[in-house]
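Residue numbers (our numbering), protein chains in the order written: chain P, 1 to 1005; chain X, 1 to 97; chain C, 1 to 414; chain Y, 1 to 184.
Each hint should be verified, as a subset may be incorrect.
[As the list claims (entries may be wrong)] Residues from chain P shown here face chain Y by an in silico Cβ test under 8 Å; the list is partial:
hint	residue
1	H168
2	Q615
3	R617
4	D678
5	T762
6	V764
[Claimed, not checked] Derived SDA-like pairs: lysine to any residue, alpha-carbon spacing no greater than 25 Å straight-line:
hint	chain 1	residue 1	chain 2	residue 2
7	P	K889	X	T31
8	C	K2	C	N19
9	C	K175	P	M941
10	P	K686	P	E748
11	P	K142	C	I159
12	P	K686	X	G51
13	Y	K21	Y	K112
14	C	K31	C	G247
15	C	K154	P	F143
16	C	K98	P	P585
17	C	K287	P	T591
18	C	K249	C	K354
19	P	K279	Y	Q139
20	X	K83	Y	Q40
21	P	K146	C	R332
22	C	K249	P	V903
23	P	K845	P	I785
24	P	K682	Y	Q134
25	P	K431	X	G51
26	C	K175	P	T139
27	P	K792	P	Y706
28	P	K128	C	G102
29	Y	K92	P	I785
30	P	K845	P	T591
31	C	K2	P	W132
32	P	K889	C	S400
33	P	K639	Y	Q40
34	C	K175	C	I269
35	C	K350	X	D36
36	C	K65	P	P585
37	P	K279	P	M224
38	X	K33	P	K431
39	P	K128	C	R22
In short, the hints are calculated from the structure, not lab data.
These figures come from a predicted structure and were not determined experimentally.
C-beta atoms are modelled at their ideal positions from N, C-alpha and C, and glycine is treated no differently.
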Amino acid sequence: MTQSNRLDNGGRIDRSKPLTFTFDGKQYTGYQGDTLASALVANGVRLLGRSFKYHRPRGLIAAGSEEPNALMQLETGPYTEPNTRATCVELYDGLVASSQNRWPSLNFDVGGVNSLVARFLPAGFYYKTFMWPASMWMTYEKFIRKAAGLGVSPVENDPDVYHGTYAHCDVLVIGAGPAGLAAATMAAGSGARVMLLDEGSEPGGSLLGTSKNTAALEFVKNSMQELERNENVRVLTRTTATGYYDYNYITALEKVTDHLGPGNGGSLPRQRFWKIRAKQVVIAAGSIERPLVFADNDRPGVMLANAVGTYINQYGALPGKDIVVFTNNDSAYQVALDASDNGAVVTVVDTRSSVDPAVKARLEQNNIRLFEGHAISSVQGAKGVTAVRIMELSADGDSLQGQAWEISCSIVANSGGWTPSCHMVSQSGGKLKYVDEIAGFIPDDNRQKKSCPNISAGSCNGSFDTDTCITEGIKAGLDAAQRCGLSASAPSISNLNVSEIPLGDISPIWLVPTTHPVGEGSAKHFHDFQNDVTAADIHLAAREGFLSVEHLKRYTTTGMATDQGKTSNLNALAIMANIQGVSIPEVGTTTFRPPYTPLTLGAVGGQESRELFIQERQTPMHEWHVANGAKFEDVGDWKRAWYYPKDGEDMHSAVQRETLAVRESVGMLDASTLGKIDIQGKDALKLIEMVYTNNWQKLAIGSCRYGLMLNEHGMIFDDGVTTRLGENHYHMTTTTGGAARVMSWLEEWLQTEWPEWEVYCTSVTEQWAVMALNGPKARELLQSITDIDLDKEAFPFMTMREGTVAGVPARVFRISFTGEVSYEINVPARYGKHLIEALAEAGKKYDLCPYGTETMHVLRAEKGFIIVGQDTDGTVTPHDMDMDWIVSKTKEEYLGNRAQERVDTKREGRPQLVGLLTEDPTVVLPEGAHIVSEVLEAPPMPTIGHVTSSYMSPNAGRSIALALLQDGINRKGDVVTLCLMNGDVIKATVSDTVFVDVEGVRVRG
Amino acid sequence: MFIVNCPYCGDRDQTEFSCHGEAHIPRPTETAKLTDDEWGEYVFFRSNPKGYHRERWLHVHGCRRWFNALRHTVTDEFVATYKIEDPRPPIPEGGQS
Amino acid sequence: MKAYSLFSLARNAMSYHRNWQRVWRSPDPKKHYDVVIIGGGGHGLATAYYLATQCGITNVAVIEKGWLGGGNTGRNTTIVRSNYLLDESAGMYESAMKLWEGLSQELNYNVMFSQRGLLHLAHSVHDMQEIGRRGNAIHLNGIDSEFLTPEQVKEMLPIINLNCRYPVMGGLLQKRGGTARHDAVAWGYARGADAAGVDIIQNCEVTGVRVENNAVVGVDTSRGFIGAGKVGSVAAGHSSVIAEMAGFKLPLECYPLQALVSEPIKPIIDCVVMSNGIHVYVSQSDKGELVVGSGSDAYNSYSQRGSFDLIEHTVGPLCELFPIFSRLRMLRQWAGIVDVTVDRSPILSKTPVKNLYFNCGWGTGGFKATPGSGHAFAHSIAAGEMNEIAAPFSIDRFNSGALIDEGAAAAVAH
Amino acid sequence: MVNPIKETPLKITTLDTDGFKVEELPYINKINLRGDFESQACNAALTGLLGTDDCQLETNTYMHNNANTLFWLGPDERLLYTNSDPGSVIEKWCSMPGTAAVDLSDYYTVLKLSGSKVRDVIASGTPFDVHPSQFRVGQCTQTRYGSATVLMSNHADTPVFQLQVRWSYAKYVFGYLERVSNYV
Ligand SMILES: Cc1cc2nc3c(=O)[nH]c(=O)nc-3n(C[C@H](O)[C@H](O)[C@H](O)COP(=O)(O)OP(=O)(O)OC[C@H]3O[C@@H](n4cnc5c(N)ncnc54)[C@H](O)[C@@H]3O)c2cc1C
Ligand SMILES: NC(=O)c1ccc[n+]([C@@H]2O[C@H](COP(=O)([O-])OP(=O)(O)OC[C@H]3O[C@@H](n4cnc5c(N)ncnc54)[C@H](O)[C@@H]3O)[C@@H](O)[C@H]2O)c1
Ligand SMILES: Cc1cc2nc3c(=O)[nH]c(=O)nc-3n(C[C@H](O)[C@H](O)[C@H](O)COP(=O)(O)O)c2cc1C
Ligand SMILES: [Zn+2]
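The following block holds chain P by itself, in its conformation from the complex (with noise of 0.2 Å):
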């Protein structure tokens, strides 16, 4: 297959390097430096995809990540990735390419035919429409849908991987044009630690699309020579500054081994997320050329005329031999003159009455014919220009006159002049201010905030040539070293004298008119290609009262699309200023967000992904659980043995036979993840008494008490054991999930309430590993294998003792969350493994039965106890739990203490803590299920209040459940209904919370 349009010499190409790659299903060369539009450009391809809202055939615009058009389905399978910019994509062997937003075909695209009633879809069309009958909305919506959308979503996982990275600079350059080297060379000349990002494969920005261009590259050359050299200097090609926030925070993704192909990059991720902080920031990036909107300008082959000069210097490739140039400037003099040098007949189109006879004279050299005072009044060629007709402007330029003229052509390269890229500018919180000169925005108030400044050079801040871009580099880059302390001379740099022609006396016209009023000929001028947004919407949303430019946007969606508006925006809002006539910067500008171009979720997300998401704690027996067949649940970050089914069993029966157990013989449970914290010091029993709400001044050295935390709200937020270990020494037990919570909760109050105190708190969690031994025979087997004396008088329920057990230093509390005899043993962590392989081995004669989460639940609510975040939920205060008795009626102040006194917590019929007993022992009632007041044919019915927990209880030999109900305690003995999601109706008894061992003696035996 030849390159019909490829250049004999010239670019950046290496000819030597062909690549095979398909476009919907047909092969194609390219060579190794194209771009995928390149490659299609130097293979004639004109049409390459179909709009989103008219199906209109288009192609190629520009040459850049502006590029709103030739969007790509890329590759296939796991690796596909919808809306690709071709002008974007490296060009690598075995590249797939498709069209998108056809079927079904790119040629043949039924969609087309919304083309034909465009008419009647007008901007926001469907607001006014799809809405009889009502209930046909959601068929109508799967239609629009279907239509809308533009490619499609992978359908099987990333095969790739993503590396995310922060980075730290003195000085931070976006953009390596020739304002961005120069800033770079200068800034790392001071000794700056520098970092360079740039969106192309190389560095030089427009330098590389420019013609005879040797000085320029010897300068980009040279520049690159010695940031190279330069150890603080990091230059990031395929690196596009992403997002810039609050104190110069920069994101940038790096595309690392895109441009290799997939499954191509080795060990190396695809893309780099990088995370910059800067000190001094230069934003060099350029700026984006503007189409002229005119009639039809969306045909495939109107293109951007700086994108014709890039195909042609950088890449090689002529994209059409016949070329009709529009502008309304003089930059596009210089793609005239390179295309024509390059053999392409070429004529020149210029809105201006006048064109700088300078200017002129050049094209005369070069034959080129040239119509002053013109416009293009229509383009001919449906899925491709075959011509265009022109006529002459009248003096207003408000309309046409004169005879049509038609000019053959494939290629209209059309110029309405530069927007300055203020992006980072603006998402830094810089200002913009209008320049009527170069007709556009530039930075104005040029800070982001008094600390972190930032410094816009070359084009990007309107200077549109070369030397001077390089100057403004120059000044920046010292400025910026400045301001980091370091400084250096500026060299004297000769001018480069780069082949191009400066942008000279901008004419704008923001709307070139035809024979017809905007929006009732049968043409449509574009300016958002993307969006499929025209003149005429814009006029629409103005009569509609759509004038702010906000309610512009949002009703015709211009600026929405893949590209953001980078080649619309400036137009959009001068032709509503137009309409309103008013100027443009009244008008404004809507708000620059990131990314500033879309930046892969996966890039973002991806380092921190699977077993990287979300950090997996384990405790030190966790092999032990494992090994034992344990399954586990999560409970905060931490995974916690959930139950041991044995052969066969399933999660009910394994957990019938552990709670059985634990009140026959023994259980142990591991409980290290409990919260622990150790608090010493003078004041430790003043905070202590201020959190719980309990008292805790008489318990003794070696004791053991139960405590309710309360927050301000009065409500209960944690509870726990907390044991004296000495005069002024505690430690305090939490809740797995609150741990960190109460850690919190107890600095915050120390630090910033009672800072003269003396206390000090340290997490102490994994410092010890727990098992828990529960049941009638806990002592025997403990008694098996510590020195410490076990005997209930000695070491009574509710106090601690220190030892040793299976040779390992221990602390053992008697406390117990199951209403048995049990003990919590505490070890260093690193014994924690030791310690589950004794007890399991010494537990031998015992019928030693681990269990776990689910059967503590069981046990502890056989006998009431709480759970908190489970039978209270942050809205219940102790007496709602029915825990009067853990609450101070002596201390005066404790945290909590004078919410509980509000009229509404202390108001009659608040739900409180029951029991139930449903009347058929065998059923047991779903957590969740509501208790109704009255039982009604169907919902709604009043409820007053819900089960909390509920098991079947092997010990008591029938199911139980604790509940939230209104007015619960005077409620007991009552029969209450319940009414469950399937419409069973269940009735129960309201019942005491204790339905084991009532009485509370096999705890203390």
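Given the structure of chain P, go ahead and fit chains X, C and Y with the ligands onto it with the hints provided.
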């Protein structure tokens, strides 16, 4: 993404910190004497200014110290950070709150 | 008001759309209105609409400091549901849901209310208990709710990764839940209110609340003083600022809440997914973008921008739950200023100042309430007393302790 | 007494690749010390423990002498690595008024990172700047690595860093280091 100046550790990335709302709201003493309204005021009602705000931060991934900050809630810019026991730095010229 | 219809669309096409009317007028403010509503968001406009169409008060102005709908109404993730746990919330949100169900027709404006189903995921035993309770409560409140097994979840959402870090253990589905087109809601109410005689005054900032003898008499604005018999403040993120003008504090604080959209793609996800366990809130708009809710920063801010760290911690979980999204791209991120109360429930209330009413505190989840809130607030303002639906949401609850704490009860956002 | 097991519950302990090496440091006693470190008494007590004259630490630095290392954790908080018996250290320390001490020997896993890639691997997980000009030998800091709080210290220009982390996060941090070391 702010840089927060921990009065102990110096400038650090925002993600090392957590913010805990308005500062300088002392817990009332003798709470039993307060009316429900006074108590509600203390627990729930906040000045929430559009402008300068004094607030509490915690260097949670660092020295675990709480400290106060004076920050503008429109520009999000910090004016100062200061230790709990330090005097309040003044609101910049022309500012209010 | 000229009605919209397929016919009118066709007729206007014939005249090249030259004859469409203004959707709302831009009148100069009058000297005095019976009711002035501060804030031209969805709630404020809905309030004005119902005042004019149902309460017989048409001498109403909506004062908006910027462009209408530009506050949180224009920047939310559009999730609509009514499956709330507590009776008070269920009352409010279900009344809204019923209005949503006929809203496009009522307003003659397609708000694209799409009842595509809303699925809450449960990732732990605790989550299962939470949805268990909520599912039952909702059901008995006469609101639709269904439990799904992980298999049923997979059937609805074939692209989900059930075995993510916190495996999906079940789901709670509200079939009537879904999304609506946020902008259309503001525009539709504005058009309706305007047609009923309400003056919508944009680019006019309220700078003071004038109080005489402890009663409100009007507002100072950037366009001068506007007298009012009654004033309703519906200023969302700026409610504390308005309250300060009137001399009191509110029990709320403002935080940035962020969201993002992906590039548009063909339909890939057909319901709204909410996972509180791993923090994923996602749906796909009719235009094709994935609309993704992020988190709120913990610092007070009126900047309408948040910290990037939250975006990372939104995208990470999204890719954990839906690994196939990893190669898709994020198109735009933004933030709103959400006014969050301690109990995460709104405030609809009389205030210490006579004839001054507040509707605020909707925080991260008030879009779904727009019609219900406007309806209840309009009737309450007209009556001078909060109506049955609004009454529980009074400011007094923060003193009495009668909080409506959905958050504490279930730790559910949005 | 069983043999004191000199290891933390971290199971995977080494990674040795081109340019990046992670080893778990041998078990050492770790004691959290609280008090007024400006005071004579504290300084004297530390001098006794460490065998160096002046034990005043600059913010975010550590000092090392004989097998002892003292890290700055906060204005009133230090962490001591020592082979001395924790019980007697704590007892001695707490005999001074206004102090506290807690044995955290088992609380942490300490990873030693070395090799040319170290700084890049660390930069992949922490927003703290570890450039040699910003974080020198002798400095330490608490910061985050991924979502874990770590105590990081710089021990040699070669470079050698230490990362101390609660052991329940050690596997996660180790996995993180391992993953990103492939990418830098
Ligand atoms: C990112 C994000 C995602 C969300 N997602 C959801 C969701 O999925 N579902 C859901 O139900 N809710 C969601 N919400 C919440 C929802 O957006 C809000 O609760 C709701 O839109 C509030 O509407 P409003 O009309 O009260 O406020 P707004 O729309 O904010 O309107 C308030 C108006 O008051 C104006 N105003 C303020 N001060 C003055 C003044 N001094 N003078 C004049 N005018 C003034 C403002 O300019 C603004 O237009 C989300 C919010 C955000 C930010
Ligand atoms: N003839 C004219 O009228 C005219 C008009 C405009 C520009 N120019 C020429 O263009 C050149 C402008 O020089 P310059 O240095 O200002 O700009 P440049 O266009 O040469 O370089 C800007 C660079 O920034 C990169 N970039 C932009 N945004 C980025 C981002 N977010 N992240 C990473 N990289 C990003 C681009 O890829 C590009 O390489 C000069 O040579 C000038 O003469 C000429
Ligand atoms: C539901 C929803 C969908 C959106 N879809 C898009 C979109 O497709 N393209 C786009 O550019 N912005 C989209 N946005 C974001 C808006 O452009 C804008 O960022 C947001 O309304 C906040 O306004 P601001 O960025 O001007 O502050 C969407 C916003 C919402 C709320
Ligand atoms: Zn600190």
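These are the hints, each one checked on the structure:
With 8 Å as the threshold, the beta carbon of H168 of chain P comes within range of chain Y, its nearest partner Cβ sitting at about 4 Å, so the hint holds. At a threshold of 8 Å, the smallest CB-CB gap from Q615 of chain P to chain Y is about 4 Å, leaving the interface hint in force. Satisfaction of the interface hint for R617 of chain P is found here, the shortest Cβ-Cβ separation to chain Y being roughly 4 Å, below the 8 Å cut-off. Interface restraint check: D678 of chain P against chain Y, minimum CB-CB distance 5 Å, threshold 8 Å, status holds.
This hint holds: T762 of chain P has a C-beta 4 Å from the nearest C-beta of chain Y, less than the 8 Å allowed. Of the supplied interface hints, the one on V764 of chain P holds, with its beta-carbon coming within about 6 Å of a beta-carbon of chain Y, less than 8 Å. As the CA atoms of K889 of chain P and T31 of chain X are separated by approximately 14 Å, the hinted pair is consistent with the 25 Å bound. Using a Cα cut-off of 25 Å, the hinted pair K2 of chain C and N19 of chain C holds, with the two alpha carbons roughly 11 Å apart.
For the given pair, K175 of chain C sits about 20 Å from M941 of chain P by alpha-carbon distance, which is consistent with the 25 Å threshold. For the hint linking K686 of chain P to E748 of chain P, the alpha-carbon distance of about 15 Å falls within 25 Å, and the restraint holds. Between K142 of chain P and I159 of chain C the alpha-carbon distance is near 19 Å, which keeps this suggested pair within the 25 Å criterion. In summary, the hint linking K686 of chain P to G51 of chain X is not supported, as the alpha carbons are separated by about 38 Å, beyond the 25 Å threshold.
Restraint check for K21 of chain Y and K112 of chain Y: the C-alpha separation of about 8 Å stays at or below 25 Å, so the hint holds. Distance check on the hinted pair: K31 of chain C and G247 of chain C sit about 24 Å apart at the alpha-carbon level, within 25 Å; holds. Between K154 of chain C and F143 of chain P the CA atoms are separated by roughly 24 Å; this keeps the pair inside 25 Å, and the hint holds. The straight-line distance between the Cα atoms of K98 of chain C and P585 of chain P is roughly 44 Å, outside the 25 Å bound, and the hint therefore fails.
A hinted pair counts as satisfied when its Cα atoms are at most 25 Å apart, and K287 of chain C with T591 of chain P qualifies at roughly 21 Å. The suggested pairing of K249 of chain C with K354 of chain C holds, with an alpha-carbon distance near 15 Å, which does not exceed 25 Å. Distance restraint check for K279 of chain P and Q139 of chain Y: the Cα-Cα separation of roughly 22 Å lies within the 25 Å cut-off, and the hinted pair is therefore satisfied. Restraint check: the Cα-Cα separation between K83 of chain X and Q40 of chain Y comes to about 24 Å, which is no more than 25 Å; the hinted pair holds.
Of the supplied pair hints, the one linking K146 of chain P and R332 of chain C holds, its CA atoms being roughly 22 Å apart against a limit of 25 Å. Taken as a hint, the K249 of chain C and V903 of chain P pair is honoured in the structure, with Cα atoms around 21 Å apart against an allowance of 25 Å. Among the hinted pairs, K845 of chain P with I785 of chain P is consistent with the structure: their alpha-carbon atoms are about 13 Å apart, no more than 25 Å. Straight-line distance between C-alpha atoms of K682 of chain P and Q134 of chain Y comes to about 40 Å, which puts the hinted pair past the 25 Å bound.
For the proposed pair K431 of chain P and G51 of chain X, the alpha carbon gap of about 20 Å is at most 25 Å, so the pair holds. A distance of roughly 16 Å separates the Cα atoms of K175 of chain C and T139 of chain P; the hinted pair therefore holds under the 25 Å criterion. Only pairs whose Cα atoms come within 25 Å are accepted, and K792 of chain P paired with Y706 of chain P is accepted, the gap being roughly 20 Å. Between K128 of chain P and G102 of chain C, the direct Cα distance comes to roughly 15 Å. Compliance with the 25 Å bound is thereby established for this hinted pair.
For the hint linking K92 of chain Y to I785 of chain P, the alpha-carbon distance of about 32 Å lies beyond 25 Å, and the restraint is violated. For the hint linking K845 of chain P to T591 of chain P, the alpha-carbon distance of about 74 Å lies beyond 25 Å, and the restraint is violated. For the proposed pair K2 of chain C and W132 of chain P, the alpha carbon gap of about 17 Å is at most 25 Å, so the pair holds. Taken as a hint, the K889 of chain P and S400 of chain C pair is honoured in the structure, with Cα atoms around 22 Å apart against an allowance of 25 Å.
Straight-line distance between C-alpha atoms of K639 of chain P and Q40 of chain Y comes to about 46 Å, which puts the hinted pair past the 25 Å bound. Using a Cα cut-off of 25 Å, the hinted pair K175 of chain C and I269 of chain C holds, with the two alpha carbons roughly 15 Å apart. A distance of roughly 18 Å separates the Cα atoms of K350 of chain C and D36 of chain X; the hinted pair therefore holds under the 25 Å criterion. Only pairs whose Cα atoms come within 25 Å are accepted, and K65 of chain C paired with P585 of chain P is accepted, the gap being roughly 19 Å.
The straight-line distance between the Cα atoms of K279 of chain P and M224 of chain P is roughly 22 Å, inside the 25 Å bound, and the hint therefore holds. Only pairs whose Cα atoms come within 25 Å are accepted, and K33 of chain X paired with K431 of chain P is rejected, the gap being roughly 53 Å. Distance hint between K128 of chain P and R22 of chain C is fulfilled; the C-alpha atoms sit about 13 Å from each other, no more than 25 Å.
Of the numbered hints stated above, those contradicted by the structure are hints 12, 16, 24, 29, 30, 33 and 38, listed in ascending order.
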